[in-house]
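A.B. asks: If you read the sequences in order, they're chains A, B and C. Numbering follows the numbering used here, with no gaps: position 166 of the first sequence is 166. Numbering follows the numbering used here, with no gaps: position 59 of the second sequence is 59. Numbering follows the numbering used here, with no gaps: position 50 of the third sequence is 50.
Note that these hints are calculated values from the structure, not bench results. Predicted model only: the values in this text are computed from it and were never measured. Ideal Cβ positions, reconstructed from N, Cα and C, are used throughout, including at glycine. One or more of the hints may lead you astray.
[Unchecked claim] Quick partial rundown of chain B residues pointing at chain A, CB under 7 Å, derived from the structure: (1) Arg81; (2) Ala113; (3) Ala114; (4) Pro120; (5) Ala121; (6) Leu122; (7) Glu125; (8) Val128; (9) Ala144; (10) Arg145; (11) Ile200.
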Amino acid sequence: MSALEHFSAPPRSLLARLLYGVRPWEALPWLAAIVAFFLFPGYVPIFGQILIMTLFALSLDIVVGYCGIVTLGHAAYYGTGAYTAGLLAVHGWSEPISNAAFAMAMAALVGFVTGAVILRAHGFITVMLTLAVTVTLYEVANHTGRWTGGDDGLRGIDMAPVLGRFEFDIYGDTAFFYALAALFLSFVVVRLLVNSPFGWSLKGIRENIGRMHAIGCPVYRRLLQAYTIAAALAGLAGALQAQTTQYVALRALSFDLSGDVLVMLIIGGIGRLYGAFIGVPVYILAQDRLASEDPANWYFWMGILLIVIVLFARGGMLALAARLWDRRRSDA
Amino acid sequence: MNAAAPSLEAHALAKSFGALAVIQNVELSLAAGERRALIGPNGAGKTTLINLLAGRLRPDAGTIRMGGIDITPFAEAERARSGLGRTFQINSLFRNLTVFENVYLAVAEQVGAARHMLRPALAEEEPVARTAALLRELGIAAHARSVVQQLPYGHQRLVEIAIALALKPKVLLLDEPAAGVPTGESGVILELIAALPKDIAVLLIDHDMDVVFRFAERITVLAQGMILAEGPPDEIARDARVREVYLGKRKHG
Amino acid sequence: MGDWSVLISIGLLGVAYGMVLYLISVGLSITMGLMGFVNLAHGVFAMAGGYVTVTLMNKYGVPFFAALAGAFVVAAVLGLVLERTLYARLYGTSDFDQVLFSIGLIFVSIAVVRHFWGPLTQPMRVPAYLKGVIPVLGRDFPSYRLFLIGFSIATIAVLWVTLEHSRFGAMIRAAVDNRRMAQSLGVNTSRLFAQTFALGSGLAGLGGGLGADILVIAPGYPIQYILYFMIVVILGGLGTIRGPFLAALLLGIADTACRYFWPEAGAVFIFILVFVILYFRPQGLLHRGRA
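Bound conformation, chain A alone (with noise of 0.2 Å):
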């Protein structure tokens, strides 16, 4: 009976419901963000990078960890919401937080028009779809390069002071705290998102799809939702580079891109809500010190990793860490 006891008493009010099994120690990471904003100044710009990327793989853990879909092309929508701001800016929308949210906005339709064709299949072709997405959108940019700047990228985005105050510079203070406060926002709405009964469904699709139907789960419906809702997260992602580097290249619709997130991921773990916040400082730190030379080099590394990843070390950093923890406790 005491088992039970755990779920009788539900949370009520509003704040309680936000707070609703946050534990103290994930107030680290923002913390930790803070701190080494005034510790280590001369970072502070690819701090913004990791700030970014963190919200890009975070937003890819949803598709692939809680929804349980491989996909090779997530940088589509990080590329929609990017060229979608850049483009605005150019054209004069200037002012960054609603120029933000209509690349949101812009990457969740193409999420959810591509979703919709790519949650139809199953198994290898659904990797195939997403490739095929990225390529095509990839294509289409290289091929528009009126607008879209082809190979030499998007320039010329010059954007307002966000909130009338604040401006971009090249320190990259502004950019900091902008996107520190867009990836605290989209991970509250993501914590909420997998702790909420929607949340559990989509384990329980990841767990046993049949038995999801056979309560009569809406399925195809509910990975729609997930994947939209991942598209648009891609897709402020994707917005917050252009507004904060300025540029847009064509990297950003890359299968190359899609790779990179997902490997900074899987280094971190899947599936863990936090995978996105360890994977993402170590593999760009990591690459800011090693392949500056040469980047051969790194692909060449990243493919070992990946390949020993695979092989021995399912569930990355995270699993690790919690078999560790497993087993101190089991010691103890």
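With chain A's structure known, arrange chains B and C on it following the hints.
C.D. replies: Same frame as chain A, but now just chains B and C:
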């Protein structure tokens, strides 16, 4: 829903896999609250029939109606939402989730809470309360926070049934509910089935003839994809064709 | 009159392209149907064959056919080694793991190739006796393409006859159809997988070398062309050898036609077409209804 119509009807149901006709021209009619047993030798097509009724397989021919409504075009999920619950012969659970989560998923779907995105699952009072009540009813409340995979098989079977019951079904298809459960533990399951609410129509597949004869008001015998006989238990027990098909076996281990 | 010859030209070029696609993709179809492994890295073997061919010819002056044979052998050996050491450990694991592994392998191969050969496209020097044009129905048609068609038909014929009439082929068909049954009948599936993978990789290498001026040899090869190989396999049906042939020809002709009539679109039209097809038939065009 038409109250006078049979809870579940199948008419001229047929299914083949390639050249093999697994179900041929099956007629079935379950009245509201009826207790029906489906028996037959291995390979007779019993599970296939359940899969056809539940919507996991599409029939090659025939129709299925529930409470008078034609559910033949309905997909599996839609049939579940219309009140058709089923259990699987081999457990189909969410193995890495807790018992509570397993049952909650089904309750949330039935109650319509599963769409909610911004409220913690445990803050949803109705699904939480109903899940807790269901776990208590089935006697597995103590394991609410245990991961299903770690439970003994008998308890897993109870979770399997709990998930089906969570749907508040009007029709329940039970595919060998006590299969694989050690004899000591199967009593719990059988009592549970006997105590099912009287307004649910139940179709039970089982090989244990004691269970079948105690439980069933009517028995349908399936052999080689066709209905061999159907009637009250004593009629079936006397039927020579049925005995022949079972080669005199009365009880499976 | 001129329009017809354009169409014929497109047709012939498309067929040549399709043949190369088939040679590369048939191995993928068989191994995917046989081992159920999502091998997105299949292009690596075609690329290996391409680099071997081009390097042997350009750098070491090896004659064309010998270089092709070298491509086949090297790719086959590479396939065999990788299958035994890495792929075999991942049979039966989730799609996700297999995709991740494939990406890892792609990354490694691209890095290796870029390190030793640099980032630029390797030029394919067609041997002198295959150069030039042959007039076909009023249009000049590159002899090399005609040679491609002829050589491919010969190779494919040998392949089909071998698979139809050999025990090896029968074992493959059995194992694709029902692996467990095949095992219980005494088929050594482990060895069968290795041999099939080696054969498929070798053929891919051969195709890579033969088609080096259509599917250009550059570090991005495995990523750039994997979609084409997968399209051939999906449309043609996993585990079969005839379906992909038709699919490859159709894809080759359609892609060639698109690039001719609508060059700005690049590959976009093809992908949109595939998207549309897969929306209505998620199991593929010629697939025979097995889930």
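A.B. asks: Against this structure, judge whether each hint is valid.
C.D. replies: A quick look at each hint next to the structure:
no.: 1; hint: Arg81; in the structure: holds, 4 Å
no.: 2; hint: Ala113; in the structure: holds, 5 Å
no.: 3; hint: Ala114; in the structure: holds, 5 Å
no.: 4; hint: Pro120; in the structure: holds, 4 Å
no.: 5; hint: Ala121; in the structure: holds, 5 Å
no.: 6; hint: Leu122; in the structure: holds, 6 Å
no.: 7; hint: Glu125; in the structure: holds, 6 Å
no.: 8; hint: Val128; in the structure: holds, 5 Å
no.: 9; hint: Ala144; in the structure: holds, 4 Å
no.: 10; hint: Arg145; in the structure: holds, 5 Å
no.: 11; hint: Ile200; in the structure: violated, 16 Å
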